[in-house]
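Visitor: Spelled out, the chains give:
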Amino acid sequence: MAERIVVDPVTRIEGHLRIEAEIKDGKISEAYSSGTMVRLLEEILKGRDPRDAWAFVGRVCGVCTTVHSLASCRAVEDALGIVIPPNAELVRNIMYCTQYMHDHVVHFYHLHALDWVDVVSALKADPKKTSEIAQSISNWPKSSPGYFSDLQKRLTTFVESGQLGIFANGYWGHPAYKLPPEVNLIGVAHYLEALEWQKEIVKVHTIFGGKNPHPNYLVGGMACAIGLDDVSGINAERLAYVEQLLKNAKDFINQVYIPDLLAVAPYYLDWGAIGGGLGSYMSYGDLPTNGYNDPSSFKFPSGVILNKDIANVQDVDLRNDTEVQEFIKRSWYEYDGGEDAGLHPWAGESRVKYTGPKPPYEHLNVNEKYSYLKTPRWKGNAVEVGPLARVLIGYARGREDFKAVVDSTLAKLNVPVGALFSTLGRTAARGLESILVADWALEFYDSLILNLKNGDTRMAEMEKFNPAKWEKTAKGVGHTEAPRGALAHWIVIEDTKIKNYQLVVPTTWNASPRDPNGNMSAYEAALKDTPIADPEQPVEILRTVHSFDPCLACAVHVYDEDGKHVSRVKVL
Amino acid sequence: MASITHSSPHKLRRVFVWQLPVRVYHWLNALAIVALCITGYFIGNPPALLSGAEASDRYLFGWIRFVHFVAAYIFFFNFLFRIYWGFVGNKYADWKNFIPTNKKFFQEIWQVLSIDIFLKKNKEHMSVGHNALAGLVYFFTFIAFMVQCITGFALYANMSDWWFADLFIWASWLFGHDDFALRNWHHATMWFFIVFAMVHVYLVFYHDYVEGRGETSSIVGGWKFIDEEAFHKDQQDTAEWEVKKKGRAIR
Amino acid sequence: MISKPTHRPTYYEELRQKGYSRRDFMKFCSMIGAYLGLEASGIAQVANALQKTSRVPVIWLHFQECTCCSESFIRSSHPIVADIILDKISLDYTETLMAASGHQAEAAMHKTMQDFNGEYILCVEGSVPTAEDGVYCCIGGKSAMQILDEAAAGAKAIIAWGSCACNGCVQAAKPNPTRATPIHKLVKGKPIIKVPGCPPIGEVMAGVIVHVITFGRLPELDRVGRPKAFYSKRVHDTCYRRPFYDAGLFVETFDDENAQKGYCLYKVGCKGPMTYNACGVTKWNNGTSYPIQSGHGCFGCSEENFWDNGPIYRQMANFPGFGIEADADKIGMVAAGATAVGIAAHAIATNFRKAKLIDDLIHEGKDAEKEL
Numbered sequence: 008m009a010e011r012i013v014v015d016p017v018t019r020i021e022g023h024l025r026i027e028a029e030i031k032d033g034k035i036s037e038a039y040s041s042g043t044m045v046r047l048l049e050e051i052l053k054g055r056d057p058r059d060a061w062a063f064v065g066r067v068c069g070v071c072t073t074v075h076s077l078a079s080c081r082a083v084e085d086a087l088g089i090v091i092p093p094n095a096e097l098v099r100n101i102m103y104c105t106q107y108m109h110d111h112v113v114h115f116y117h118l119h120a121l122d123w124v125d126v127v128s129a130l131k132a133d134p135k136k137t138s139e140i141a142q143s144i145s146n147w148p149k150s151s152p153g154y155f156s157d158l159q160k161r162l163t164t165f166v167e168s169g170q171l172g173i174f175a176n177g178y179w180g181h182p183a184y185k186l187p188p189e190v191n192l193i194g195v196a197h198y199l200e201a202l203e204w205q206k207e208i209v210k211v212h213t214i215f216g217g218k219n220p221h222p223n224y225l226v227g228g229m230a231c232a233i234g235l236d237d238v239s240g241i242n243a244e245r246l247a248y249v250e251q252l253l254k255n256a257k258d259f260i261n262q263v264y265i266p267d268l269l270a271v272a273p274y275y276l277d278w279g280a281i282g283g284g285l286g287s288y289m290s291y292g293d294l295p296t297n298g299y300n301d302p303s304s305f306k307f308p309s310g311v312i313l314n315k316d317i318a319n320v321q322d323v324d325l326r327n328d329t330e331v332q333e334f335i336k337r338s339w340y341e342y343d344g345g346e347d348a349g350l351h352p353w354a355g356e357s358r359v360k361y362t363g364p365k366p367p368y369e370h371l372n373v374n375e376k377y378s379y380l381k382t383p384r385w386k387g388n389a390v391e392v393g394p395l396a397r398v399l400i401g402y403a404r405g406r407e408d409f410k411a412v413v414d415s416t417l418a419k420l421n422v423p424v425g426a427l428f429s430t431l432g433r434t435a436a437r438g439l440e441s442i443l444v445a446d447w448a449l450e451f452y453d454s455l456i457l458n459l460k461n462g463d464t465r466m467a468e469m470e471k472f473n474p475a476k477w478e479k480t481a482k483g484v485g486h487t488e489a490p491r492g493a494l495a496h497w498i499v500i501e502d503t504k505i506k507n508y509q510l511v512v513p514t515t516w517n518a519s520p521r522d523p524n525g526n527m528s529a530y531e532a533a534l535k536d537t538p539i540a541d542p543e544q545p546v547e548i549l550r551t552v553h554s555f556d557p558c559l560a561c562a563v564h565v566y567d568e569d570g571k572h573v574s575r576v577k578v579l
Numbered sequence: 005m006a007s008i009t010h011s012s013p014h015k016l017r018r019v020f021v022w023q024l025p026v027r028v029y030h031w032l033n034a035l036a037i038v039a040l041c042i043t044g045y046f047i048g049n050p051p052a053l054l055s056g057a058e059a060s061d062r063y064l065f066g067w068i069r070f071v072h073f074v075a076a077y078i079f080f081f082n083f084l085f086r087i088y089w090g091f092v093g094n095k096y097a098d099w100k101n102f103i104p105t106n107k108k109f110f111q112e113i114w115q116v117l118s119i120d121i122f123l124k125k126n127k128e129h130m131s132v133g134h135n136a137l138a139g140l141v142y143f144f145t146f147i148a149f150m151v152q153c154i155t156g157f158a159l160y161a162n163m164s165d166w167w168f169a170d171l172f173i174w175a176s177w178l179f180g181h182d183d184f185a186l187r188n189w190h191h192a193t194m195w196f197f198i199v200f201a202m203v204h205v206y207l208v209f210y211h212d213y214v215e216g217r218g219e220t221s222s223i224v225g226g227w228k229f230i231d232e233e234a235f236h237k238d239q240q241d242t243a244e245w246e247v248k249k250k251g252r253a254i255r
Numbered sequence: 039m040i041s042k043p044t045h046r047p048t049y050y051e052e053l054r055q056k057g058y059s060r061r062d063f064m065k066f067c068s069m070i071g072a073y074l075g076l077e078a079s080g081i082a083q084v085a086n087a088l089q090k091t092s093r094v095p096v097i098w099l100h101f102q103e104c105t106c107c108s109e110s111f112i113r114s115s116h117p118i119v120a121d122i123i124l125d126k127i128s129l130d131y132t133e134t135l136m137a138a139s140g141h142q143a144e145a146a147m148h149k150t151m152q153d154f155n156g157e158y159i160l161c162v163e164g165s166v167p168t169a170e171d172g173v174y175c176c177i178g179g180k181s182a183m184q185i186l187d188e189a190a191a192g193a194k195a196i197i198a199w200g201s202c203a204c205n206g207c208v209q210a211a212k213p214n215p216t217r218a219t220p221i222h223k224l225v226k227g228k229p230i231i232k233v234p235g236c237p238p239i240g241e242v243m244a245g246v247i248v249h250v251i252t253f254g255r256l257p258e259l260d261r262v263g264r265p266k267a268f269y270s271k272r273v274h275d276t277c278y279r280r281p282f283y284d285a286g287l288f289v290e291t292f293d294d295e296n297a298q299k300g301y302c303l304y305k306v307g308c309k310g311p312m313t314y315n316a317c318g319v320t321k322w323n324n325g326t327s328y329p330i331q332s333g334h335g336c337f338g339c340s341e342e343n344f345w346d347n348g349p350i351y352r353q354m355a356n357f358p359g360f361g362i363e364a365d366a367d368k369i370g371m372v373a374a375g376a377t378a379v380g381i382a383a384h385a386i387a388t389n390f391r392k393a394k395l396i397d398d399l400i401h402e403g404k405d406a407e408k409e410l
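Residue numbers (this note's numbering), protein chains in the order written: chain A, 8 to 579; chain B, 5 to 255; chain C, 39 to 410.
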């Protein structure tokens, strides 16, 4: 018998997402993913100054803050033919790496860990044994029996107060939680440590961009002028601060995040065969080492892998209007060209037209339009974007650094390469690229110092900042790899104003509804065939959805055969 | 309103039009507005000074702003004084010169428009104090004065220790607590003053050029020259004005 | 599993249970006191408050937002967020951090709304779209409008986090297609603390919460509804670059010599003179820096309508009603130019139209001259 479950809202993500799924024989047979919030920033941007766009689109997301601002600056620079100075590129790269380290750690501990770590079980842990395990996996200093015992006491007091706060109503005790109490206690300890750590690493953004979240960017470079001999500019003190923060971050990743990942993974190796989904992956590439216009210099290579064929990596051209296209057949929008049209973003339209049920509603009509997300396709193919895509493409392109971390991890866990195409693979890939990024950040820092030593202190190319020097019309595309995947902004400038602005964001690739041919996007495909032990407590859905690190708010629905909504998940 | 010909030359009489307080008001006002416009423009668009001087060695922008604020206080209290003088001054200073209260006022506006602005007839318009159109335009400038004082002091309130500027803080509320908008309107209203000053100075010259009755010098000495016929009519008006004013005072 | 507590332990009791001494507790109170800028006598008040209060239940809603406020909140360094959520408040609902999802999440919220009716604090992050009956933001099948109405009814006080909740922020910029509406326009009859900013500074957010739970009352608000403790001064008046402004020394373009010397950013569009916030004093991320210190002007993210008061890199805002490009000076210069042309035309026309009159006067004057 098939039934439908509803989990709404899915938490520990950014934004508002809703997924409806049918369950048959203890497995998901169909899933529908819906974005339920819209702000129409693309409409608001029309007619504005292109140099201001980064600030507007930066506000698309405060979790993956910086990435939209970066993509926007690149789009405008691309349109106007501005080449930014090497120092600005390096500062942007350092901020980018900072964002990755922060975002991946916060995702692992604060958004994803509670799907795998049972907080309540940690109360039963033996602090001494916990300490032994902790010291066996890492030389991180906070690992004494006393440390864990204090933490456990604090946790016990907290639970006994009856006010469970953010931990209330979790699926504690669910059979899908497999970690021993001691590993759970390590997880909780590091949940709290990571919460304290994450506020430190972002100071790199504060130094270069003035604040975090939402540091400031600048079309043409960066605003943080170098002033080695002035108290106000970026001087030796500021640079030393950055270096220290990057080193501390690298320590945390290598001594806490990665050991935890490797300690938890063996208990959940079955998830190496669940949640694979599309098997097609795309990355635009990022982290230029020789300028944005030389993609071969990118630390993250670009490319597309279709149907797990890692021997054959295809190239991506974001300017080609037959490659990236967006469809709205199942989305609450309308196009001038009709329901089945696919538009390249330079010709994109964002005219919203809601046809869903009137709130409050029990479920969406998933046979028609059911989301505010459009459906992007690459040459008609659904592709998955994100850490797994980047790591696979780096691996498939034969990059040594990628091969080293992937192969050693697979060996440690004793699993085949195929295990990467899964929920576990996605979560592991995030950790693996964190190791790489932590090293690269210090490389970029060293390059910046070398540049300054050589007397190059330029931080912005302001020659074309004046709109009087612009062409009457210009088109640009700015792409980046956000922590959550491939991100690009397309801009059309006319008479110094924004004529059209379109964003195709990672979660749109992953969480979008079906295309006009009825093909699923990544979430829906990955959820298909996921086993659900208890429809009342669908923690399995959360594991797979969270493995993508969604950047919108989400809700999951499960229905019975008649489409009747049967399951209200009860209060614990 | 006499049309004269070559053969009948003007017989001019001297009239004391602008009392000393009115003249002092006028020049203080003019000076304040010039100072406010110049400093105000620089506050909105500071000049480029590329210099390596220590910030502590100079206070240029501080002085610009200081002059602006001092001039603003002078401007405001001077304006208040002028309103007061509108009730106690002579006929030409009376507040009724500025607010259209009767049909005659509108008729005169039309006359001035057709004779002096559209240059319809080859003759001159004879008035002694403010003509009706000028009076109405001054009324608009008074409104602009008020807008400028209110928005200016509202912007200034948070920099001021004195309670006085706080009296205007409600203006921020009028603009939806949007100090950008407040500032923008304050800046835009400055251009009204610039345009007004251009037209005002031109028309003074125009009147002297076309009529030769001492328009320009009147604001220095207070005297204007007027045709005999118009002089007698004005005498009658003055008598009527005094009676009415006494009546008002008695009541 | 969760039952309504019969006795809720106070902070003091909790700290004692955790093995902290009375001395430690008083030290903590002094630190909080110092942070809030209190005199020694105020510290006793803090100690008293913390000994009496139990963890205040908080519901944190998310509507049209980007989660930057939540992110900023977890960046707070004093107190750190782990201490806030474990020891100070009971954060019973927040989509960003809570373990539960779906109906379990909603149930947690409803339980708090029932058990602590009239006692919980409602935090709202994001604006509420009111166009089309609210379909532009739905959570759990309900519109944001419906959820806000329900949650606000039993709230003791409401904290509007960030510019979205305080003034609509970016989605309310023209033409505001979803009719994004700030909280104070939708909820009446409840005390609302506005904490604007995009996002607000993390320590400011924590400071507002600490103020409420420590003193058991709302902080004093300014005329717009913002806590005076953090929004009573303009960024301009607390900016360390202010002396350069007074000296008339400005950055002319980014990365020029003056920028490297850290001159005032006023001419490249800094909106510090119109912006009320704690950036110049508290600074960001535990006092590391703030936008101006890092070379970019303030763009006024805590002020009403700041997105429409651009462009960011010009000091003068675009003027409404003249298309997007015209600022007050452009309009003024055109008006002055037109006036000059009009004056010239009038002067020329006068010489033709009034030629006879002027001629007569000249003759009259010459005749009189002859008589002398």
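Don't read these hints as lab results, they were simulated from the structure.
Note that the Cβ used here is the ideal one computed from N, Cα and C, for glycine as well.
Check each hint, because a few of them may be wrong.
Unchecked claim - Within a straight-line C-alpha distance of at most 25 Å, the following computed SDA-like cross-link-like pairs (lysine to any residue) qualify: (1) C:K321 x A:E207; (2) A:K135 x C:K321; (3) B:K15 x B:H134.
Claimed, not checked - Chain C regions said to be covered by chain A (calculated; three or more residues, Cβ under 8 Å): (4) 107-120; (5) 133-144.
Said to hold, decoys possible - Some but not every residue of chain C turned toward chain A, in silico, with C-beta under 7 Å: (6) Q55; (7) S59; (8) R61; (9) L124; (10) G179; (11) P215; (12) T216; (13) P237; (14) I251; (15) D293; (16) A297; (17) G300; (18) S327; (19) P329; (20) S332; (21) H334.
Visitor: For which of the previously enumerated hints does the structure constitute a violation, in increasing order of number?
Guide: 2, 7, 8, 14
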